[in-house]
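**Q** Now for the letters of each chain:
There are 2 protein chains.
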Amino acid sequence: MLRHIIASATVSRQQIASDTGLSLATVSNLVGELLELGLLVEVGYQDSGGGRPRGLVAINPNGGVLVGIDVAETYVHVELFDPALTVLASVEEELHPEENRPDQVVAHVVSSVESALATAGVGHDRVLGAGISVPGQVDREGGVSVFAPNWDWHDVPLRSLLARSLDMPLYLDNPLRACVVAELWFGAGRGRDDVVVVNLGTGVGAGLAFGGALYRGATNSAGEWGHTTLVVDGRLCHCGSRGCVETYVGAPGIMQNLRDLAPNSPFLHTDDQTATIEALARGVADGDPVAAKVVTETARYLGVAVADLINLVNPEVVVLSSWVAGLLGDALLAEVRAVVGRHALRRPLAATEITLCRIAGNPVSLGAATFALERFLSAIGTNAGGLVRQT
Amino acid sequence: MLRHIIASATVSRQQIASDTGLSLATVSNLVGELLELGLLVEVGYQDSGGGRPRGLVAINPNGGVLVGIDVAETYVHVELFDPALTVLASVEEELHPEENRPDQVVAHVVSSVESALATAGVGHDRVLGAGISVPGQVDREGGVSVFAPNWDWHDVPLRSLLARSLDMPLYLDNPLRACVVAELWFGAGRGRDDVVVVNLGTGVGAGLAFGGALYRGATNSAGEWGHTTLVVDGRLCHCGSRGCVETYVGAPGIMQNLRDLAPNSPFLHTDDQTATIEALARGVADGDPVAAKVVTETARYLGVAVADLINLVNPEVVVLSSWVAGLLGDALLAEVRAVVGRHALRRPLAATEITLCRIAGNPVSLGAATFALERFLSAIGTNAGGLVRQT
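Heads up: the sequence lines are chains A and B, in that order. For the first sequence, this note's numbering assigns the number 1 to the initial residue and increments by one for each residue that follows. For the second sequence, this note's numbering assigns the number 1001 to the initial residue and increments by one for each residue that follows.
Chain A extracted, bound-state conformation:
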């Protein structure tokens, strides 16, 4: 219902009931609770054509704020949102390769959050909750980063470490799940049942939604598509296996594709994947043949791996997301579609749209803040908890 109100801007209880299929009594109760919580406000009346005028409600832009934190291998990105998940402030700090110890990452998160709050002029007391996405496998109940392969983190109690400085409810999850939730609420997944979000960053993975809801698997680690095998006995992966998808299409994998084609390329910034991918994107724009070849080679692997997802999952949409897709997605998309066309089965292929993420801003921060909103609603222990499908 909240998703619906966010999408509608202002809406009457009667309209919500008719659009969601809930009874008017249920809608009225839920709206009443959300008004009390300050998440909604009354914003006037609508003529109902003869009957009593209908009260209109909208998300309360002053109803507290949500924090969405995207911790990636190369940066920390924090966004502040109102309850309609409109961005109020945005801060990004770079993470240098030598800054991957938990205390260093925690320090960057804390300073980014403080600086976002200061920018928006909002105190800790107005924060309803903060969602934090960290790469790798997480124990969200315990607030622990179980395994972050690119940093070799094992069982880092991230929530406890952050709680020393951040006085707000903290919810931990990973970018695969944050991106899917963002697409389901605000992106290409809206109104769709079976959705795959392919995250292309330093690590890669596939966020999954089935029947319109986030799919977590038995232990919240579903979607590790980056560690499915594309080439038996292929490139060594830091996970210990060989030939993983990630070693060909993650940012370091793309650097390797470049190195294989042109070991002395000026695009290559050793130890700086961001600079390398940015240089490649500029090269493609400038019509450089080596950059174009790297894209083709990367698309050859990515297309096969996306075709695997289409054959196995039979989704309605595959969204290419995260920062590598942001930089190289336009160049990759047509070639990926062509490779998928040669490798996917006809029937599931015909049912699938392959698209770039079109969410403005950072979808991981947005998804993380959405988790915080969902958890806030369920944590207050009222009927409002039933408003959102728990993901």
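One or more of the hints may lead you astray.
To be verified - Here are some, though not all, of the chain A residues that point toward chain B, as calculated from beta-carbon distances under 8 Å:
id, residue
1, GLY142
2, PHE210
3, THR228
4, THR229
5, VAL232
6, LEU236
7, ASN314
8, ALA351
9, GLU353
Said to hold, decoys possible - Simulated restraints, written as ranges between beta carbons of each label pair:
id, chain 1, residue 1, chain 2, residue 2, range
10, B, SER1160, A, ARG346, 21 to 27 Å
11, B, ARG1052, A, GLY211, 38 to 44 Å
12, B, SER1378, A, ALA118, 56 to 62 Å
Because the hints were derived from the structure by calculation, they are not lab data. Remember, predicted model here, so these are calculated numbers, not experimental data. Yeah, the Cβ is synthetic: ideal placement off N, Cα and C, and Gly gets one too.
Go by the hints and put chain B onto chain A.
**A** Relative to chain A, chain B alone:
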């Protein structure tokens, strides 16, 4: 509820209500309808310790029959079931390689069904429905085999062809989905949410269940794991792609593994995959080193491909099923587990059991008959339709 009654043999309405969480009124209504339909019978009373004795009900063994038809590339297997899905009769006819035209396959199906009905002394009028599983992609609403890659069938209207001879409701689906339903109702999937059934036959695929229910994908073609890529630019697959899982672990793929290791092996029966796999199974039992090597080589590919499923789907259980698993499963299992251990991520691996199908009889026929039971209940248009989760 029906699943519960089947599992309990005889049970009171009160016990059903307490075990399923349904209200006694709801259970009494549903039981009443099933008694009227003849699917259940009253079988006596249970002392309730002072109160009124409680009526006991059970599945009616004379309440009509269900037909489960497993059409595979090399055989047609038909089983007849009572409504508790106990086998009443079983018939198998071989399909020779040159018998893969639709009219030939249809003739084998019809004669197998007739012969099963004759064996059990049951007329067409007592058949509640027949479930038919055919390999490849199916349009179950239209009753059409959309694409059967091993036979190169395209858009074969199988239900119409069968309806000319078989006067009973016919439901079409494929072995991936039949096997999952069989495991959910009667096998390793009972009481579990996230289940993968790896089907190893001529073709291979993965039946998927999420949240305790069969997952079909957007167009009922989810689970085409056999056509995910294990080796980019690897063996040519009849689907048009290269390096598909199926080309390494399907029966013809295993024959190729054998041919690569020992081109003149006496185990090799050209053009007879069944005889070859049977010979290999005997070879393993006899301690033959070539047979053992073929198992190791096959397990090397199968283990990697199962690890892919574990990393992507994070299931509670992976079941190895179908006829190749029936013949070689015991030999493969330990080696597959070892390979999976080297390729799967620690966290999802720890949550997954890898096991052989333990369903007595043919799980595809059982699952197909279960589809027919589900469709019968929903087709009669009463509350009883709500008894089973529609899959």
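**Q** All hints are to be evaluated individually against the structure, with a verdict given for each.
**A** A quick look at each hint next to the structure:
Hint on A:GLY142 is violated. Least Cβ distance to chain B is approximately 13 Å, over the 8 Å limit. Because the smallest distance between the Cβ of A:PHE210 and any Cβ of chain B comes to about 5 Å, under 8 Å, the interface hint for this residue holds. Taking 8 Å as the C-beta contact cut-off toward chain B, the hint placing A:THR228 at the interface holds, the least distance being around 4 Å. Given the 8 Å rule on beta carbons, the hint for A:THR229 holds: about 5 Å separates it from the nearest Cβ of chain B.
For A:VAL232, the interface hint holds, since its Cβ comes within 8 Å of a Cβ in chain B; the closest pair sits about 5 Å apart. Annotation: interface hint on A:LEU236 violated; nearest CB of chain B at approximately 13 Å, more than 8 Å. About 3 Å separates the beta-carbon of A:ASN314 from the nearest beta-carbon of chain B, less than 8 Å, and the hint is met. Against a cut-off of 8 Å between C-beta atoms, the interface hint on A:ALA351 holds, since the closest Cβ of chain B lies about 4 Å away.
Taking 8 Å as the C-beta contact cut-off toward chain B, the hint placing A:GLU353 at the interface is violated, the least distance being around 10 Å. Taking 21 to 27 Å as the suggested C-beta distance range, the pair B:SER1160 and A:ARG346 conforms, at roughly 22 Å. Look at B:ARG1052 against A:GLY211: about 43 Å separates their beta carbons, and that is inside 38 to 44 Å. Look at B:SER1378 against A:ALA118: about 59 Å separates their beta carbons, and that is inside 56 to 62 Å.
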